[in-house]
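Going line by line, the protein sequences match chains A and B. Just so we're aligned, residue 1 is where the first sequence starts under my numbering, counting upward by one. Just so we're aligned, residue 1 is where the second sequence starts under my numbering, counting upward by one.
Because the hints were derived from the structure by calculation, they are not lab data. Fair warning: there could be bad hints in the mix.
Said to hold, decoys possible - Label pairs and their in silico Cβ distance ranges:
hint, chain 1, residue 1, chain 2, residue 2, range
1, B, V301, A, D312, 55 to 63 Å
2, A, F118, B, M135, 39 to 47 Å
3, B, R207, A, S142, 23 to 31 Å
Glycine included, each C-beta is placed from N, C-alpha and C at the ideal position.
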Amino acid sequence: MLEKDTNLLINMRGVSKHYRGVQALNGVDFSIAKGEIHCLVGENGSGKSTLIKIISGVEQPDDETVIEIDSQVLQHRHSIDAIRQGIEVIYQDLSLFPNLTVAENIALAQTISSESRFINWQQLHKIAEEAMERVQVQIPLSKLVGELSVADQQLIAICRALTSNVRLLILDEPTAALTRREIESLFRVIKDLQIKGIATLFVSHKLDEVLTIAERVTILRDGTRIGTFLSAEMNYERLTFLMTGMKLQSAKYSYKPSTDRPLLEVCGLCKYGQFSEISFKLWPGEILGITGLLGSGRSELAQALFGMNRPDGGEVFIRGSNVVLRSVRQAIAKGVGYVPENRLVQGLVMQQSVGKNVIITTIEKSIRNLRLLDKKKVQDTIEHWVTALNIKVPSIDASVQTLSGGNQQRVVLAKWLATKPKILILDGPTMGIDIAAKSSIHELVRQLASSGMGIILISDEVSEVVNNCNRILVMHRGRILREFQTKSTSEEDVQSFVNNTD
Amino acid sequence: MKDLFRHHETFVLIILILVSIVITAINPSYFTLENLFDLLRNYSFLGIFAVGVTFVLISGGIDISFTAIASVAEYIMAFLVIKYGGNTMMAFMIAAVVGTGLGMLNAVLIYCLKIPSIITTIATLNIYYGLLTVMSGGKWIYAFPSGFRTFATVRVFTLINYNGASYGLSIITVIWILVIICAWITLRYTTLGRSIYAMGGNPSAARRVGFNIFRVQIFVYSFMGFTAGLAGFVQALVLQTVAPNSIVGKELDVVAAVVLGGSSLAGGVGTISGTILGVALIAIMNNGLTLLRISSFWYNVVIGLVILLSVTFSSFRHRLSPRGVNRLIGEIGGKP
């Protein structure tokens, strides 16, 4: 261990925190050296966010905790103290103001902390320019942040952190919405900052990224520290094992053809500017993977098959009969279900209860005479799916926003399974959820497929499609470039093919 | 040029000019300085309200109770000034203090009870107005001190028209202009002003970055109350009588003017220049319909259509821009 080292920026011993009877953190030792790139990994609920909140002063740890910053023991730290100590957190939602300019977003925090009453626009622009120079990016200062891409917004958030005298930058799931190329340039920025002596604490679910960028990795599980390791001595399997405490089986999905009549047949489907000449078949019991870089047209295709995005040409056959999908209602009636990529935006009504979210697609089936709802039936349906999918909720009346990512994704699944689809399109079903939740969703998908459903699994994680599908289509710029049979391919083959498409 | 068309204000200005051309073509007495100064004086009342409402909308809230605040402030002012005597300055102070106080009460209620601002202010509208009706018994107040009456006729400069009648820039318009200048400087050049935008754009981020949300909210609603008190004062100056029920009911006219000027009900967006244009458009159309001898009953229909057109057009432009969609998604994602 690196303890007693004057090189340590922050050194915490015995960090504990409990909330109303729940022990979120239990005696965690944690340290970050000056200029280090450190990763924090762990499942949802392992205490990562609590630890970040304690480091950033948002939450107060329990009494026995010792926090040293620059070898000084500190107590009762609040956010403002953490900021003065040079600790900045960039949350997943970036906390930017879409209606303000780039310059303001970068420089405003400093203006507030300087407690000046008036805004000096020239100075504001100067501060912003200096910050952007430090990460070597060029974004027009008077542009509104709401008009930028997510990657640029992230850079703005980093620039804002740099305007204060930052020494530790905490990034919470920074790569969730970025393309591979954008991730690379983000990593370059982090390495650049390291040269300038700025440490980074990086929280991510994507373990391959963790291993690329980090010098040390700290693993949390159930509120305790499993260990801190040099990432050079780590590999993917070991990391997974330490995080979840179990070996995850990764047998490929095997599919045995049972019929010669395809469930879905797509012939020459095209939509101007999105995709063209899309033809493929899907048999019952299959899990068909579609992968490709962000912007390859895969989500647009999925939406077309679900009646949300009307194609310009081509034909779709479901169980042999030609169908025209003009609306979601029609698609549901034809037995198509769709779990969208961004479950928060498209899939769930966040403030509403789990039960209401589950029943929303099939509420019509519970209507009795006089157009009244059959409460008993509604209740039964909800309970059936909550049990069937093993959704962990305190009660079906709990609002969806209180659930963890994995459970939220299950609620979306339940909602569509309730429509009893024959074809289920899953678009990035495990995006942003942790490994154990991920593998249980994969397990569920396999079960559904083996019960005769045809599943289209869209994902940008090649490992996900290779391990869970029997066939893979690689899309690029709106076309299907190649089809792989996963039985006879390795992850590396597919990955290198995808990388070379660009 | 291209930059100019990114702004909602440009479109309101174009509509304004088009409407003016049409009216002038039919009735040349529209396009005269006399009519202009007249309009400025008559619409200062609405315009002062509109500045306050702009602040509230930018901050992401809404206030419906300002007409009731204005009524209460106006009535208390008139009552005290007539009963105990006092000059115009005193009257102004009373109206401003009462207005600011009631506005502040709104802010405290919204913050402490955590109820949406629209509900809170609908409630306080009824409470303030109801109490006023009960206490005053609905009685009108006349007989302001003579100083109050002469002050209302003060002009910064006076011109004489060909009929020998005098006209000019009224002191009442000057009050509005002062409010505009203060508001503009606050929004553009103070940390507080930018905090209002920040809070309206992303409230949870504003809290995290270290803005004092409560203080900003207190300011916004107090300022709304202050402008309401001022509007009550101006109304009394213009009419020289005070009727408890003369202001309540005009809320939506004001909100309409502000929305026409480009402020968003979703918060974070709005400018003082836009609001001035919005008020101007409402004023000119009302005035124009009168000059064109069209029944005033048509006024509401026309205003409704103009609001629909202008707001649709503005949001359509957003949808056309390539980042518009992203932005929309960002907004939904950012504010769960």
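Verification of the supplied hints:
1. In this structure the supplied range 55 to 63 Å is violated for B/V301 paired with A/D312, their Cβ-Cβ distance being about 41 Å.
2. Restraint check, A/F118 to B/M135: a C-beta distance of roughly 42 Å satisfies the suggested window 39 to 47 Å.
3. Judged by the Cβ atoms, the range 23 to 31 Å given for B/R207 and A/S142 holds: they are separated by roughly 26 Å.
Hint 1 alone, counting from the list given before, is not met by this structure.
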